[in-house]
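Undergrad: As you go down the protein sequences, you meet chains A, B, C, D and E in turn. If you read the first sequence in full-length UniProt numbering, its first letter stands for residue 1, the second for the next number, and so on. If you read the second sequence in full-length UniProt numbering, its first letter stands for residue 1, the second for the next number, and so on. If you read the third sequence in full-length UniProt numbering, its first letter stands for residue 1, the second for the next number, and so on. If you read the fourth sequence in full-length UniProt numbering, its first letter stands for residue 1, the second for the next number, and so on. If you read the fifth sequence in full-length UniProt numbering, its first letter stands for residue 1, the second for the next number, and so on.
Check before you lean on any hint, since a few could be wrong.
[To be verified] Straight-line C-alpha distance at most 25 Å; calculated DMTMM-like pairs for lysine to aspartate or glutamate:
{"no.": "1", "chain 1": "C", "residue 1": "131", "chain 2": "E", "residue 2": "252"}
{"no.": "2", "chain 1": "D", "residue 1": "90", "chain 2": "A", "residue 2": "102"}
{"no.": "3", "chain 1": "D", "residue 1": "107", "chain 2": "D", "residue 2": "235"}
{"no.": "4", "chain 1": "D", "residue 1": "90", "chain 2": "B", "residue 2": "62"}
{"no.": "5", "chain 1": "A", "residue 1": "124", "chain 2": "D", "residue 2": "233"}
{"no.": "6", "chain 1": "C", "residue 1": "55", "chain 2": "E", "residue 2": "244"}
Calculated directly from the structure, the hints in this document are not laboratory data.
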Amino acid sequence: MADVNYSEAEKTFILHGIQDKFPCREDGRGCEDYRHMEIETGVVSNTSGSARLRLANTDILVGVKAELGVPSPEKPDSGCIEFFVDCSANATPEFEGRGGEELATEISTVLSRCYDNSGCLDLKSLCIIPKQQCWILYIDVLLLECGGNLFDAASIGVKAALYNTRIPNVTVNQEDDEMEIELSDDPYDVNRLDISSSPCIVTLSKIGHYHVVDASQKEEACCLARLMMGVTAKGTISALKKEGWGSLNPESIFDMMETGKKIGQVLNTSLLNVLEEEEKSGNKRKTVGFLK
Amino acid sequence: MATVDIRFVGARGKKDNIETVEEIQNLVTPGDIITTDTGFMRGHGTFMENEKLHASVAGVVERVNKLICVKPLKTRYNGEIGDVVIGRIIEVCQRRWKVETHSKLNSVLMLSSVNLPGGELRRRSEEDEKLMRHYLKEGDLISAEVQNIMGDGCLSLHTRSLKYGKLGQGTLLSISPSLIKRRKTHFHNLPCGASIILGNNGYVWISPNVNEETDNTGGYEQNLEPVPNDVRIVVARLRNSILALADHHMIIYDTSIMYAYEASLLFTVKDMLKPEVTSEIIDLIQQRMELEGT
Amino acid sequence: MEVDRTSHELRPMTCELGHLSRSDGSATLTQGDTTVITSMYGPGDVRISKEIIDKATVEVTYRPKIGLPKCSDKLKERLIRNTCETVILSGLHPRTGIDIILQEMQNSGSFLSCCINSACLALLDASIPLKYLIAAVTCCISDKGEITLDPDLKQEKKSVAILTFVFDSKDFNVVTVSTSGSFSNEQFQSCLMACREASKHVITFYRESMLKKLSKSV
Amino acid sequence: MPLDSRRICGPESTQSPHIFTVNKDIKSDILLNGERKDGRKLDQIRPLFLRPGLISQAKGSAYIEQNHTKVICAVYGPREVMRKEDFSMKGQLTCEFKFATFSCKKKRQHQQDAEEKDLSVQLLEALEPAVQLDKFPKAQVNVYITVLQNDGIALAASITCASLALADAGIEMYDIVVGSSARIHGDVMLVDPSEEEEYRSQDCKDVNEGKVVIGLMPSINQISALTSKGEIDFETISQAIKTCIQTCQKVYPVLQNALVNSVKTKT
Amino acid sequence: MANDLKTFQPKEYYRKFLEKDVRPDGRELGECRSTVVNIGSITTAEGSALVKLGNTTVICGIKAELANPKADEPKNGYIVPNVELSPMCSAQFRPGAPGEQAQVLSQFVVDVLQNSECVNLQDLCIVSGKLVWMLQCDMICLDYDGNVADACVLSLVSALKNTCLPKVTVNEETQAIETDDKITNNLKVQTTPVSTTFAIFDDHFVIVDPTIEEETLATGIITIVTKEKKLCMVHKPGGTPLKDSQIQLCIDRAIERSGQATKLIDETQCSLDR
């Protein structure tokens, strides 16, 4: 990430702001407030599902492409989901060449770990013929601009894109021993994914003795250790990861987890509400796309 | 109490460009012929070809007597002698610091052009050279004045006045340099309880009020005491006000900032992050400016 | 052990020296149909990371006819490099680099010895100070136990073991040995003897080639 | 995959014979009548064998064996940083995590795969808080981990092994990091799971199936690494973390002992 | 004092010892370091062995997989040996693709396997032209204290002797591959190649089983691989020219060593079987 060296005094200013009795962050938020988010689904026409998320000036585009493939031998009766994150050099010149690779693999491993259980996304429903044919969901996350809190933003984008995903209906005809697959080409004869229990990542940044959500880039520079949690709408935790070069007291980890769980539930519900609302507005809605 | 402010793009309020934007005069794009008259002098953003003066950047044509320039809408900072700038130390070198000032090249602050603690006219000893990182280290912010522009466009800075120097607690914003209005003074102690420095390079520094009598020491002694909560809220509100102004391409100077600040008092600081709130604030400012004719 | 009379001789050798204009020394050596081109540069500049304080850095690059160099080529490269390093008086050129590049043109048997001989000729051509000359000879043992010197590809295929020896021109001691296949100690000894005899011819050939080259240039 | 010209290459595609096993045991529950298959109690760890300082060429090294889990670690440095572009007054720590090709049931690749890269990062983040990086400015300490055989808890064993090797190398640290792992199975917690007991995403359908790995600095009571897998509710995961902390505290004296003994034999 | 000489003039230091027919670590010139073989310790591998020559440690693991044979050799299986000099074994190796030394050693092991014919590749055939075994043998060096080549060969041969393959058949009707884990067969190892490396010091001292220090100071290296009483490789890549008598001495020593090593492997193997 774009690493700017901040001065002691600037860091102290942020630190004290969070430690205050009535916490006031640089932009006036409290410790548990997210910045303004805007989301739009169905922005890329040649994907099975897509979404674009702006979280303050973090900008993320997610595309889902469903393709037919062979299930892996270890789990023959379910489909696959694969994450690929691309850190565009548009976001910061440091990502040029292989510069963004490290961050990209980090985001994609955390995402795939969040979705690596059957409760969060039912991969079995993606199987067509066990051992032979299944849907593989390729999820591409493109990072257009970084303004902090990339993990949360990426996971929200992914969830929205999955909500938007439509997979063509498939009928299997059995002739003798040969299985034949027929893809429906009716654009309305489609299946949707159940994302009601898909997780969103909540990153809690430990700054001084307290923790905040949705840290800005400047706050990330002050933070010693972060706890990333994949939280579902039910409040279960699908993945947990401590990150950063500092260590954490067990007590504060439990505190952070408590906060994360609470915020994660709010985040999931608000996201689902917005997505449903957007869908209701239906065809009247004009795609805004990439222009502001 | 946690808040998650999320919405879909379609729910965004109507675009504010319904009012027809006034046609801007003298707007040119690269290659446009500005004049065929050979009596003019070629300034920034222009070039001569076949005895005609062409624009080389997109922007507004400006004329000062015989000199014609094109001022681009968005650009890196082009330094001028006497400008107040804010910069961040990025490297400590031999007898100089390299400073990032959002200009084309990194600016230079010589050890000989800073005030050192303990007297303005002290000689720089070898001891001082060794202590350079002690005075200013990587990451520190300074306010300074452009002393000189070198052949390659690199700015040489100085802090030889007590109002310049290392900055303490506060928050830094970066906006387009062309939005900063050039004024007599760029240091303002605002009545609401905070100070701002409007750097010509587009960097704006907001900090708790400084007492000019006692605090102007060049910043070598830093006050790291916690800032009171009310002041902190003022700083955050000012930050959001300035960003709102910059977002709507309004010129930034002390009056416009104060207007924005006063207009924003209707809302909580947190709400100012929402786009509809900012446009409402901007509307209020525009109305007030029209009323007062500024 | 009987040594086949007709197979006691080496195949005809021809060489061309200094025919590459850009390199400091070059040689194309043909033994039978086996052909190798060697060019060499140096003593010259060397990358700082590879610089050795008290002697020259000898580097050998071997390029096969097709494809990228594989592990087996690396082993060959190492063998040739160590052999060349032994003869070069590298202490005379500290902190410099001597690069030897070998290009396979055709392999029709006894390939390794052709490589080493051609490298030696290139070193001669570039007038690099050497301790002594080296001569490489290959022989193979057939399943009946017959020893054939300087075998071609067909003979190599039929054999149970192939041995390559490199001798110095001073005492005709063994500088390098490389073998494949299995054999008894006695077989090893008789091959060593046979190759040592033949290596003297190689040295004579070097002498003649150099004479030819010098008489041309004079 | 492109042919690797720097290695001896076999045929392009191969298959493990175990895919085709006919008389495969049907995957039963990991607990048999409420007991673990290897007869351990739920909170019982496997016998632990530790040995610091066995690689003669390395600055520090350690070997850890927990039943069939075998991990070896070497530490080199502090030595000069190869790439000098980033100036820092702090030292650098790097970790390379590798499964030996024969260490798992499935054949591993020679090159580091995505999982190994991820584990390298996790290991680094577990160790970094413990190492006093400011004691070797501009220099680098390299930690190399090879898992010779994986019978569960590869990461937790690596964390313990690596911190032991760092201590053996005389690198200044705030504390030793002890790793431990637990398998969550419904409302049961299996400490130190074996390979068979470890969590695999595909054969668990319910909530509260998963695993937790932590790295603890026991004497300053700080957690330096924490990861989990599987969908788990809040109370259970908190309980699992607490269980792991207790396990670490139990293992800690063994580590101390091993280090003290190795110092004794050296002098 | 002795340590200073070792640091500043290591050659002189060694010479002083060798002139008295002893080496700094107390060995005689013709004495090998203590050799330890530990067979079958890795249970995830089909065959494995750990070998220690003094400090030098190499672990070899064999992973068996199924593959299609080459069209021109329908009955031959594959043995794919690779030597891995991981950065953990010495400060001179860096992470990444194998360096020159690792490549050279890998090829050396391939040559030894080929020359000694220690495994008949046809023994690896399951169905001719269809299915054969591929044995991937990885030798990972854990501690690089000289003479890794000998340790690699020793570990590979021990691991091969330890290798057990499950019974695999191809069902003739369905063409499906069927593996039976319960029935395993030991791999047949026909010969026991043993490699012995000598370092030549100062053009006339010949020392066996050199350590890393001795390897760097040596003026030449000669490796002899024997199987039983026969030679299957004499490898001397340059270095000091040797007289015939010196080579002969090395060969005799190598044959002697070969006997000891074979006995060691067999004894370890036996103790395992019991």
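Undergrad: Given the hint that residue 55 of chain C pairs with residue 244 of chain E, test it: the Cα-Cα distance must not exceed 25 Å.
TA: 29 Å, violated
Undergrad: Does the alpha-carbon distance linking residue 107 of chain D and residue 235 of chain D stay inside the 25 Å limit?
TA: Measuring from Cα to Cα gives roughly 37 Å; hence the hint is violated.
Undergrad: Holds or violated: are the alpha carbons of residue 131 of chain C and residue 252 of chain E at most 25 Å from each other?
TA: 30 Å, violated
Undergrad: Just to be careful, I want the Cα atoms of residue 90 of chain D and residue 62 of chain B compared with a cutoff of 25 Å; is the pair within it?
TA: 51 Å, violated
Undergrad: Hint check: residue 90 of chain D vs residue 102 of chain A, CA-CA at most 25 Å. Holds or violated?
TA: 21 Å, holds
Undergrad: Against the 25 Å threshold, does the CA-CA distance of residue 124 of chain A and residue 233 of chain D hold or violate the hint?
TA: 23 Å, holds
Hints 1, 3, 4, 6 from the earlier list are contradicted by this structure; the remaining hints agree with it.
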